[in-house]
Amino acid sequence: MLEIKNLHVKLADEDRVIINGLNLSVKVGEVHAIMGPNGSGKSTLSYVLSGREGYEVTEGSVTYRGEDLLAMAPDVRASKGVFLAFQYPIEIPGVATMQFLKVALNAQRKARGEKEMTTPDFMRYVKERAARLNISPDMLKRPVNVGFSGGEKKRAEILQMAVLEPALCVLDETDSGLDIDAMRVVADGVNGLRSPDRAMIVITHYQRLLDYIVPDFVHVLSQGRIVKSGDKALALELEANGYAEFAGEAA
Amino acid sequence: MNVIVPKTAAELNYGLSLPHRKMEDWRWTDLRQLIDRPYPPRQTVVAKGVEKLIKSSPFAKVASARMVFVNGHFAAEHSQLKNDELASKVKIEEPVIAMNAAFATDGARLRISGNADTPIELLFVSTDAAPRTIATRNVIEIEKEASVTVIETHMGEGAYLANCVTEISLGESAKLDRIKVELESGEAIHLSHTHVTLARNSVLNDFTLTSGAGVNRQNGTVEFQGQGIDAKVSGAFMLGGEQHADTRLVIDHQQPHCTSRELFKCVMDDHARGIFQGKVMVRKDAQKTDGKQSSHALLLSETAEFDAKPELEIFADDVVCGHGATSGDLNHDHLFYLMSRGIPEAEAKSLLIAAFVGEAFDVVAHEGIKEALVKFSRKWLTQHRRAG
Numbered sequence: 032m033l034e035i036k037n038l039h040v041k042l043a044d045e046d047r048v049i050i051n052g053l054n055l056s057v058k059v060g061e062v063h064a065i066m067g068p069n070g071s072g073k074s075t076l077s078y079v080l081s082g083r084e085g086y087e088v089t090e091g092s093v094t095y096r097g098e099d100l101l102a103m104a105p106d107v108r109a110s111k112g113v114f115l116a117f118q119y120p121i122e123i124p125g126v127a128t129m130q131f132l133k134v135a136l137n138a139q140r141k142a143r144g145e146k147e148m149t150t151p152d153f154m155r156y157v158k159e160r161a162a163r164l165n166i167s168p169d170m171l172k173r174p175v176n177v178g179f180s181g182g183e184k185k186r187a188e189i190l191q192m193a194v195l196e197p198a199l200c201v202l203d204e205t206d207s208g209l210d211i212d213a214m215r216v217v218a219d220g221v222n223g224l225r226s227p228d229r230a231m232i233v234i235t236h237y238q239r240l241l242d243y244i245v246p247d248f249v250h251v252l253s254q255g256r257i258v259k260s261g262d263k264a265l266a267l268e269l270e271a272n273g274y275a276e277f278a279g280e281a282a
Numbered sequence: 011m012n013v014i015v016p017k018t019a020a021e022l023n024y025g026l027s028l029p030h031r032k033m034e035d036w037r038w039t040d041l042r043q044l045i046d047r048p049y050p051p052r053q054t055v056v057a058k059g060v061e062k063l064i065k066s067s068p069f070a071k072v073a074s075a076r077m078v079f080v081n082g083h084f085a086a087e088h089s090q091l092k093n094d095e096l097a098s099k100v101k102i103e104e105p106v107i108a109m110n111a112a113f114a115t116d117g118a119r120l121r122i123s124g125n126a127d128t129p130i131e132l133l134f135v136s137t138d139a140a141p142r143t144i145a146t147r148n149v150i151e152i153e154k155e156a157s158v159t160v161i162e163t164h165m166g167e168g169a170y171l172a173n174c175v176t177e178i179s180l181g182e183s184a185k186l187d188r189i190k191v192e193l194e195s196g197e198a199i200h201l202s203h204t205h206v207t208l209a210r211n212s213v214l215n216d217f218t219l220t221s222g223a224g225v226n227r228q229n230g231t232v233e234f235q236g237q238g239i240d241a242k243v244s245g246a247f248m249l250g251g252e253q254h255a256d257t258r259l260v261i262d263h264q265q266p267h268c269t270s271r272e273l274f275k276c277v278m279d280d281h282a283r284g285i286f287q288g289k290v291m292v293r294k295d296a297q298k299t300d301g302k303q304s305s306h307a308l309l310l311s312e313t314a315e316f317d318a319k320p321e322l323e324i325f326a327d328d329v330v331c332g333h334g335a336t337s338g339d340l341n342h343d344h345l346f347y348l349m350s351r352g353i354p355e356a357e358a359k360s361l362l363i364a365a366f367v368g369e370a371f372d373v374v375a376h377e378g379i380k381e382a383l384v385k386f387s388r389k390w391l392t393q394h395r396r397a398g
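Top line first, the protein sequences correspond to chains A and B. Heads up: the first sequence begins at 32 in this note's numbering, then just goes up one per residue. Heads up: the second sequence begins at 11 in this note's numbering, then just goes up one per residue.
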């Protein structure tokens, strides 16, 4: 589904190289965890996959379902099924959450040549999913992420994922800022979306999230490249020993 | 006013001196430059296409009692209300008012008592092929404890100069929701002055949409003459092409324990230029005044311009007052977030622009009117912002 080959990324305005020869292959149905210390390039990877401005790919390729992902605009990537759950979801004053979800879903359906969903159908569709994530109808009326607590923002991201039903989910530090109860709700939401038709990349600094979202593969990212891969046992190993042993490997 | 010394052809025609850039309040709107031809007063009242214009009001579907003014004259045949007789009281030496005093032909005269449930729409329609001055003077008196919603809609076709002075007084505990929309012809010049006096415990919610005329200058003065007054004055600019709009607002706190809020959201595209000059004056006796003013501009092109001149003049020592002005383009993070959810760029931009101006609509309590404003802003965006 996703094939990242020898990816090199630098900041557009600076010479600083952030991703430095990264290779990753994700098949449909798989859940991959990417772990690494701060500054190892985890978030940059998520932004490059979703098409955020400010990064320049200097070498390598990203192929998604046989197509060049990097050549697509962010909205095209989304309509083809790529979804990024943001580490810091963005507040958008003046745009109600419900309206935002409807515009987004219908834009994606339109792009895929599907019929737009009618308002009553859509309301039912969202409310069902919102209830599973403990998201109140009141929250749906509020502007996107404005005044939401950290936990509410993360749940709102997962709600968007549940509504848009992407094929490739990239979760960037979805556990950051969450207490255990909130993390459980979010993890249940994510697990509910696990499917043989969907792949996930779970980016995290800590192992604890992986107790709830159990990955098929774990990769260690250090200095912009994957330095070790394994199964879920690798995450536990990292939890015990820290990232120190990988600090120098990519240099 | 200064000694009248006509300088230009237009001035010779008016017989009076036009305000110009050396006058501080007019530094951005030099009428000597902007009024490039004479606009003689209109003589006859023959008008075509009035029905069509009336129907194109954004509020055509809002249930209201209407008073229509065609080329500066009350048109009873298009109106549901009769015109009252009220004397003008404002004696301010100000160029727009002076010009209006010289040329005003008619205007709405309204005296409101009790609670008017249905909004009143004052519709000013201008239709003429030749450049003309069309001046109206409105007097609205809202009696003690009365409340009303008044819409002021300005529309027209062709090149004309509209000058509209509106005098409003609110009695004790009276309430006015006022919505003005300036949707004049793109070739038109719109000059206006709105003077509001507020008595004790009265409530004013005022909103102005500025989007039509090629040149617009709107003056507003709000006098707080009693205690316990709550006034909100908001506005939105939606400008493109070569449009020029200058709003000068004076909030004059004369008595203690009053609250004022101003919020202006201005969208400028192409070569449009928006100006907001907002002054909050707190006089010596106006202790415990709570006044806040802010203007925010969204510049959609490199060549659009916004000038803000916020002023606070405070002579009382126990007040809470503040002002803020911002100006910038669309927030890239917002845009990316929307696009990352599959919303194409043009649609995402429209959504963000509509959200930006929409904040100024919040002062409008009437749902139907607010909806009409939202609809208008969407229409403006689709017509104005071509896809891509």
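Hints are supplied without guarantee of correctness; some may be wrong.
Stretch by stretch, here's where chain B covers chain A in the computed footprint (C-beta under 8 Å, at least three residues) [claimed, not checked]:
hint	segment
1	46-52
2	72-86
3	123-129
The calculated DSS-like cross-link candidates involving lysine-lysine, where the alpha carbons are at most 25 Å apart (straight line), are [what the hints assert, rightly or not]:
hint	chain 1	residue 1	chain 2	residue 2
4	B	385	A	133
5	A	146	B	389
6	A	172	B	319
7	B	389	A	133
8	B	385	A	141
9	B	319	B	289
Simulated from the structure, these hints should not be mistaken for lab results. Owing to the predicted nature of the structure, the values given are computational and were not obtained by experimental measurement. The C-beta atom is built at its ideal place from N, Cα and C for all residues, glycine as well.
Against the structure, the hints:
1. Proximity of the segment 46-52 of chain A to chain B, defined as three or more residues with a beta carbon under 8 Å from a beta carbon of that chain, is not established by the 0 residues found.
2. Given as covered by chain B, the segment 72-86 of chain A passes the check, having 4 residues with a CB less than 8 Å from a CB of that chain where 3 are the minimum.
3. Figure legend: the segment 123-129 of chain A, annotated as covered by chain B; annotation consistent (4 residues with Cβ-Cβ distances under 8 Å, at least 3 required).
4. Proximity of residue 385/B to residue 133/A is assessed by CA-CA distance (about 18 Å); at most 25 Å being required, the pair is judged to hold.
5. A hinted pair counts as satisfied when its Cα atoms are at most 25 Å apart, and residue 146/A with residue 389/B qualifies at roughly 24 Å.
6. With a C-alpha separation of about 35 Å, the suggested pair residue 172/A and residue 319/B falls outside the 25 Å cut-off, and the hint is violated.
7. A hinted pair counts as satisfied when its Cα atoms are at most 25 Å apart, and residue 389/B with residue 133/A qualifies at roughly 19 Å.
8. Taking the CA atoms of residue 385/B and residue 141/A, the gap is near 23 Å; set against the 25 Å cutoff, the hint holds.
9. Annotation: proposed proximity of residue 319/B to residue 289/B holds, straight-line Cα distance about 8 Å (limit 25 Å).
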